[in-house]
Amino acid sequence: MSLKDVKHIVLVLSGKGGVGKSSVTTQLALTLSLKGHSVGVLDVDLTGPSIPRFFGIENEKVRQAPGGWIPVPVHAAQNGHGRTNGNGDAAHTNGLAKVHGSLACMSLGFLLGDRGDAVVWRGPKKTAMVRQFLSDVLWGSLDYLLIDTPPGTSDEHISLVETLLKEATLEQMAGAVIVTTPQAISISDVKKEINFCRKTGVNILGVIENMAGFVCPNCSECTNVFSKGGGQVMAQEFDVPFMGSLPIDPMFIRLIEEGKKPVYPEGTVIDGQAMQTNGHADSDEAETAGLLVEKYTACSLYPLFDGMVTQLLSKIEP
Amino acid sequence: MKRGLPEKRPITNVGKVIAVSSAKGGVGKSTVAVNLALAAARQGITTGILDTDIYGPSIPTLLNLEGMEPDLDPNNRLLPLTAYGVKAMSIGFLIPQDSPVAWRGLMVQKAMNQLLFEVSWPKLDLLILDMPPGTGDVQLTITQSIELAGAVIVSTPQDLALRDAVRGVDLFKKVGVSILGMVQNMSTFTCTNCGHHHDIFGLDGVRKKCDQLGIKLLGDIPLHARICHDADAGKPTVVADPDGPQAQAFHELIKAVGKTVGLP
Chain A
1 MSLKDVKHIV
11 LVLSGKGGVG
21 KSSVTTQLAL
31 TLSLKGHSVG
41 VLDVDLTGPS
51 IPRFFGIENE
61 KVRQAPGGWI
71 PVPVHAAQNG
81 HGRTNGNGDA
91 AHTNGLAKVH
101 GSLACMSLGF
111 LLGDRGDAVV
121 WRGPKKTAMV
131 RQFLSDVLWG
141 SLDYLLIDTP
151 PGTSDEHISL
161 VETLLKEATL
171 EQMAGAVIVT
181 TPQAISISDV
191 KKEINFCRKT
201 GVNILGVIEN
211 MAGFVCPNCS
221 ECTNVFSKGG
231 GQVMAQEFDV
241 PFMGSLPIDP
251 MFIRLIEEGK
261 KPVYPEGTVI
271 DGQAMQTNGH
281 ADSDEAETAG
291 LLVEKYTACS
301 LYPLFDGMVT
311 QLLSKIEP
Chain B
319 MKRGLPEKRP
329 ITNVGKVIAV
339 SSAKGGVGKS
349 TVAVNLALAA
359 ARQGITTGIL
369 DTDIYGPSIP
379 TLLNLEGMEP
389 DLDPNNRLLP
399 LTAYGVKAMS
409 IGFLIPQDSP
419 VAWRGLMVQK
429 AMNQLLFEVS
439 WPKLDLLILD
449 MPPGTGDVQL
459 TITQSIELAG
469 AVIVSTPQDL
479 ALRDAVRGVD
489 LFKKVGVSIL
499 GMVQNMSTFT
509 CTNCGHHHDI
519 FGLDGVRKKC
529 DQLGIKLLGD
539 IPLHARICHD
549 ADAGKPTVVA
559 DPDGPQAQAF
569 HELIKAVGKT
579 VGLP
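So the protein sequences, as listed, match chains A and B. With our numbering as the guide, the letters of the first sequence map in order to residues 1 to 318. With our numbering as the guide, the letters of the second sequence map in order to residues 319 to 582.
One or more of the hints may lead you astray.
[Claimed, not checked] Example chain B residues on the side facing chain A (calculated, C-beta under 10 Å, incomplete):
(1) S348
(2) D371
(3) D389
(4) L458
(5) Q476
(6) K492
Hint data in this document are derived by calculation from the structure and do not stem from the laboratory. The structure presented is a predicted model; accordingly, all values stated were derived computationally and were not measured. Every residue, glycine too, gets a C-beta built ideally from N, C-alpha and C.
Working from the sequences, and respecting the hints, build out all of it.
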């Protein structure tokens, strides 16, 4: 059974589309990897598989072994065997290679002929695909398997939870992280997702509120473009842990779309850590050089994710 | 039981049907659909809006109709609710708000058929369909069951959204529905404090994609905290700020679309 050497499985859910599930999954994966864990990411969004794009491995093909599909590697383990050495802290060596665990991913995106092809499938076909992704991928030995889902509570989700409850043990099922944006329309859809988890017995690890505010790089005024506060209020109302709020960071978008290392204006301080103060763009090669996981440490969202992942780890591995 | 593809049927009393779609979630389909419907109504076109998002119906919140239940007419068909001069129907009116709709494809198909054919619409010039994200059962059922005058694809400028939007375009091409054009949503953000422009989600990605695919760019809607704020309050921009630039953008959009499909 391909999931048997996976230690912890975390689902990333949201009732609402476009709140940043794939972004959050990507960043959780990178942050866990930076803490020295070996991570796998399964992208179960069959009609909009975004994960390969996030990791910059869109043009890779999936290789097949006698036992099943081999997940596409994003980066190999660095300085170690993909495990932590005690406290699991990433070594900040300022520019030199950082310690990180291995990261691999599987998505329908790799199996499509043309990236622009529409995958127009009805339920039963999607159900079968999800089952195959869970049983026929050779994940090997992983500390964490993150599963990125499409919006809603449809075939993919039902078959995902069904198959996991059958194939994985209760110790392996760490639970679900729910992503929302602060606005009312998102909150009302996310409430459904919380109830779905409750009905199906999936443990809710916490709620992350994404796109909570945009800070103008020019004048530092924070505008709540998608309203504010909804996530925390809802978490309290439903008695689920609130993991934190994330602002909109155009530098993260730039990192994913163009591969450029995030740079911030002079004096930007996030969470007590001074961000890269080099306000001038480096040459194109210098900017895009290096692994995604290393460039990500310069992003303002990384310290926030570091905090959230530390919280998560203390819950999952007490 | 008759096998094969369902035959397309017209919806009683309804003129043109336009789908507002995007394979990507969270780009603003519902917000755009609602504001388009309201703009059309204000231009004298009798309009209705049908929320086909079974899993995450947003129309009740956007039109301040949350918690309302529709009545049935003498033929046991659903009577649409009214808000701001527009008729509306959504599964959100039929199911308690916090309950998840965890249904498999077949049930979704049946529910879709009911929403399409068993709603007692008054005479409408235009029916706008707010489509859900993705390219699955709902999209297939709709395109196979009714005649669509056209589809408007909404996207944000970023590459990630566009890649999925392109699938939406591909889907409609595959089933032979004409693409009226694309709308670039959440384009530029102008800081209310210092007036600086920020292209948070990338610059003009939709415009470039339209040029690439040979599709019309119907409109460009900037990111403005007000649009979300008004939407959350159940009073969409066209109603809350009818003379503002955002409302103007929606009016221009419906005029452009109306000309192409032949609205009065």
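Review point. What are the numbers of the hints the structure violates, in ascending order?
Key: 3
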